[in-house]
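Protein chains: 2
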Amino acid sequence: MSFMNFNKSTEYAFRILGFLALDERKIYSTDEIYNKVKIPYRYLRKQLTNLTKKGLINSVQGKHGGYRLTKKKSEISLYDIVVCMEDGVLSNECFFGYTDCHLIEKCAMHDKWEEISSSLNNLLKTMNLADITRKEYPAFF
Amino acid sequence: MSFMNFNKSTEYAFRILGFLALDERKIYSTDEIYNKVKIPYRYLRKQLTNLTKKGLINSVQGKHGGYRLTKKKSEISLYDIVVCMEDGVLSNECFFGYTDCHLIEKCAMHDKWEEISSSLNNLLKTMNLADITRKEYPAFF
DNA sequence: AGAAAATAATACCTCTGGGTGTCATTTATG
DNA sequence: CATAAATGACACCCAGAGGTATTATTTTCT
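Residue numbers (our numbering), protein chains in the order written: chain C, 1 to 141; chain W, 1 to 141.
Everything labelled a hint here was simulated from the structure, so no lab data went into it.
All values reported here derive from a predicted model rather than from experimental measurement.
Hints should not be assumed to be uniformly reliable.
Only part of the chain W face toward chain C is listed, based on derived beta-carbon distances under 10 Å [to be verified]:
# : residue
1 : Val89
2 : Lys112
3 : Ser119
Just so you know, even glycine gets a beta-carbon here, dropped at the ideal spot from N, CA and C.
Using the sequences provided together with the hints, build the complete structure.
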């Protein structure tokens with residue numbers, strides 16, 4: 001049970017990119033992706049072209065087309081993905097939702113909140129697509 | 001810079017309840033609250049009756065009416081507030097947004113994600129309204 | 001009793017995230 | 001060169017969060 005969560009589209013990006021990372025050379029069609037990653041078909045289509053525009057994946061058009069990671073899986077951190085997907089969401093707000101918290105004195109939550117959110121940031125920066133597709137772990141789709 | 005944040009209405013609840021905690025006996029009118037807590041006036045009104053319905057505050061109607069905490073400030077944890085406000089948001093989803101993650105084997109993110117989200121939970125359970133209004137800290141409004 | 005000062009109720013507006021549907025374009029191949 | 005198999009581009013829908021506006025209701029005070 002948690003209060004933390006990302007946007008659906010960010011979660012979807014994790015799944016999609018994680019799946020593509022299984023074979024970073026291969027070109028996967030939407031249908032192949034669809035069968036593994038549980039995302040509504042139309043929305044998956046949309047997300048795939050989004051990810052392409054954002055530069056996280058390359059698309060190959062035409063027959064036998066599909067998608068593939070733009071970089072090596074070990075070079076794409078979860079942090080990169082989140083930053084890319086949550087552009088607007090990424091906030092400078094403090095615990096109470098104020099934007100100028102750092103300007104005035106620190107509130108009672110400041111340090112503790114900072115600590116947790118920076119350990120989250122670290123986790124995201126540390127983990128990359130190679131890490132989450134290691135064989136020790138079950139495929140997450 | 002953080003990816004974590006609560007709903008606006010939860011943040012507003014923190015502010016409002018934190019303000020009321022300054023004097024847990026006193027009945028504060030909407031106007032008094034409005035001048036300190038930066039929340040759009042009409043929306044503040046709405047939130048105040050919401051908080052009343054949810055049982056976090058008591059309202060006193062009529063002239064000289066207003067609002068007051070239902071419990072002692074030391075008895076209301078931030079966790080209580082979040083649970084109360086984010087009823088629908090509180091999720092059982094894993095890092096990748098799957099709901100049945102715990103049924104199958106653990107994914108690569110499971111433990112680390114769990115660790116961070118439980119340290120957040122702990123923080124929220126530990127801190128109460130008395131804590132965030134301690135004099136060492138500046139008023140956060 | 002009636003005015004004033006407060007909250008309660010209700011209805012509406014707007015924007016965005018998530019999701020769907022249709023048609024256009026690109027490319028491999030028989 | 002035509003067709004099939006893929007992605008791209010739009011355009012729309014829906015629900016919920018955040019916010020606004022108006023009209024009731026409750027209570028105090030003179």
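Hints versus structure:
no.: 1; hint: Val89; in the structure: holds, 7 Å
no.: 2; hint: Lys112; in the structure: holds, 5 Å
no.: 3; hint: Ser119; in the structure: holds, 6 Å
Checked against the numbered hints above, the structure breaks none of them.
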